[in-house]
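Use these hints to put chains B and C onto chain A, whose structure you have.
For reference, the chains in residue letters:
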Amino acid sequence: MAIDNYLPILLFIAIATGLACTMLAVSWLRGKRNPYDNKNAPYECGFDPVTKEPGKFDIRFYLVGILFVIFDVEIAFLFPWAVSLGKIGAAGFFSMVLFLAILTFGFIYEWMKGALDWE
Amino acid sequence: MITMLDLCFYMFGLTLIGSVVTVFLARNTVYSVFALIVAFFNSAGIFLLLGAEFLAFVLLIVYVGAVAILFLFVVMMIGADEPLKKKDLFKNVRGFILAAGVMVTEIIVFVTGKFTLPSATIMGDGDSQISNTHAIGEVLYTKYFLPFQLVGILLLIAMIGAIVLTLRNRTGVKRQKAKDQLQRKPSDTLELKDVPIGQGVKTK
Amino acid sequence: MIFNLLTILPELSLVLASIFMLIVGVFKEKKQKNAKPVSRAFSLGIYIAFGIFFFAYFYEIWVSHKFHGFSFDGLIASDRMTVIGKVLVLIAASLWIGLKTNSTHAAVLRAGIKVYEYPILSLMVLVGAFLTIASNDFLILFLALELQALPLYIMITSRHESQHSSEAGIKYFIFGSIATAFVLFGAAFLYGYAGTTNFSPFANLLFFTSESVYENMWLDIGFLFLMMGLMIKLAVFPFHSWSFDVYEGSANVQVAFLITVPKISIVFVLIRLMYGPFAQLVPMIQPYILWLCVASIVWGAVGAIKQQNIRRLLAYASVHNIGFILLPISIGSFEGLQISIEYLTVYTLSLIGFFIGVTSLHKDGMNIDKISDLRGLWEHYPKIAILMTICLFSFAGIPPLAGFWVKLHVFRELIKAGMIWPTIIIAFASIVAVFYYLVVIRNIFFEKSESKLSKDTIRFDILMIIGSILALYPLYQESLLRIIEYSLYTV
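Protein chains in written order, with this note's numbering: chain A, 1 to 119; chain B, 120 to 323; chain C, 324 to 814.
It is possible that part of the hints are untrue.
In silico contact screen, one side only, chain B against chain C (beta carbon under 8 Å); selected entries [claimed, not checked]:
| id | residue |
| --- | --- |
| 1 | Val221 |
| 2 | Met222 |
| 3 | Tyr263 |
| 4 | Val270 |
| 5 | Ile272 |
| 6 | Ile276 |
Quick caveat, the hints were computed from the structure, so don't treat them as lab data. If you're wondering where the values come from, they're calculated on a predicted model, not measured in any experiment. For glycine and all other residues, C-beta sits at the position ideal for the given N, C-alpha and C.
Next up, chain A with everything else stripped away, as it sits in the complex (with noise of 0.2 Å):
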């Protein structure tokens, strides 16, 4: 594919860009501003949404997130598989399966070890 088939997603960039822009000076340049505190808050009633100190967060989202991101990666190594499939022969298929064996094994000892469970 070549690059010009992009032209489209530069000039939706361009444009979005420029609209935000446009709209935020717009609306700074004409707009009436006399702030006191109860305005600038950004909810009429309800707590703040910007605390002091976030609620920490478990260590147990950051183990399902790096699990989500191994088979993320393993993801995109199917899709160069997919559309060449029919070139590569009956090597490249059971290279893909090697591979998604490894990661099985891999797969199998996170279940057992009951690293998917919430508790």
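Frame of chain A, contents of chains B and C only:
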């Protein structure tokens, strides 16, 4: 002459450098992560300019979609209580400055008099009919069989590492045990008793 | 294709063994908590199977020389130099794997490493080191370096009780990643120059190129970054600062692994790069490597004087010795290469001997941490004391021992190349270095201890062999040099 491509390249490049500098100068770690996401987007743009479409989109999927979110988790986990003080940013860097100084000197010595500003060109198979993804797919699984399997082993190690380092079995927490739960019979937990009238049942 | 597999037979067997171990282990652990999933019989089986595979590999490559050259489309090199590298890595690593049959198993447990994945990870480090030595392509080099480093990060961080462990792990991780990033960056530039990631075409390309290689900026920068990345991993002088904290925060058994295995493999990669594809560029970078080596020899000698912690001391000693190992390579002659590998061998043997002693000892149930913890060794275990002293004297380069002869060879080679000033400087630095080895020896022999030193089962046989090699080095020297020479002719 500056073409449209050059313009795009320098735009992406300058934004990339700017956002990377923001990553380590921002005193609030959440801002650092957002600057990092901007950096990922811009490097994806540069990959596109180079004709590496597949890499560009993998970068978006893996890095913006997953890794940046992980970074956010970590930032949340650490808890961005207090932004760093400005003077703390440059503490304990004498060794780094020394190493960086040696590197920069060597680069300057090597490069002096040879520097030319390159112009952006599209590399790779500009005129060939097959797409980037096809081109990668045709060699990755056969010619580069060994590196491909090594990637698999690396991912396996990453999995082991994540589990070894973060998984703690807490005691006193009830876990779901599907097998035990399904095999539960009424007789295990229920006890039926005839209650004579007027006497009640003694509890243990 | 199937014949190609022979050239990675040791790696293949290790990967299969560790995956098998992983799955068996997790099922066993599920069945009963705190089970020892890797049983004695099982690890013995692994040893035997690996021994057979490694011997097959050794026989085919070294003796019958049938699969000499490259396999996997030139990604993997298989010549005698890779064999000698792999054997050296195997010698360095075999004691510290952490399998149950290891004599160091008790030390591993004492260090607070309770996860059963530990031996699996150390086997993976071994795979990474083997592949690093055999790599003939930047793709493989990068992946193998990662494969070698990633399990090490996990191993170092896996001591849950120790805070130092996490600190060391994070530091090692960050610096390792930076080093790999430099290697990748350099490889990208070199790819941009040559259009290939394989090492082999570079030699022809650089030799027959019409323009002078000094003219091409991208080539120079690429090579420079590659070298810097590898030097960060080796902890050569200005890039050394990570190693002290990392070693201090790790357990003794881990340091024994960390200080030898990755360094041996990276020295072999450096040799392959500097004598093969990039030989044309070496004269350009040679003065820098020379002076960085001299600086790290001096720094390692001077900085170690004040150290109390034994692992920190060894980190300085490693900076000091890496300088000696790289100096002969930077000269660029065939003899220099030979001497560098000789030095590496002697250095590895001395380290193993020293660590066998240190890891088998403990004081009040704690591993040896400070130099003063070795007090009273002579009173309680005179045999260990003498053998450890031989290793330390060999480090220091005291005359009849191996360390003296190899240092002498380095000096001789430097003088032959006409480098008088570096020789004088490193001679003074190695005299300074003798001082801190003597501090350790004073603690072993002449200081009284307050609390009792005890020991685990210790591999006296191996310690005796190492001690005798180091003490009677002139007897072995000729044959060692001939083996190295023989292995290098095919590169």
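Evaluation of the provided hints:
no., hint, verdict
1, Val221, "holds, 4 Å"
2, Met222, "holds, 6 Å"
3, Tyr263, "holds, 7 Å"
4, Val270, "holds, 7 Å"
5, Ile272, "holds, 6 Å"
6, Ile276, "holds, 5 Å"
Consistency with the previously given hints is maintained throughout, with no hint failing.
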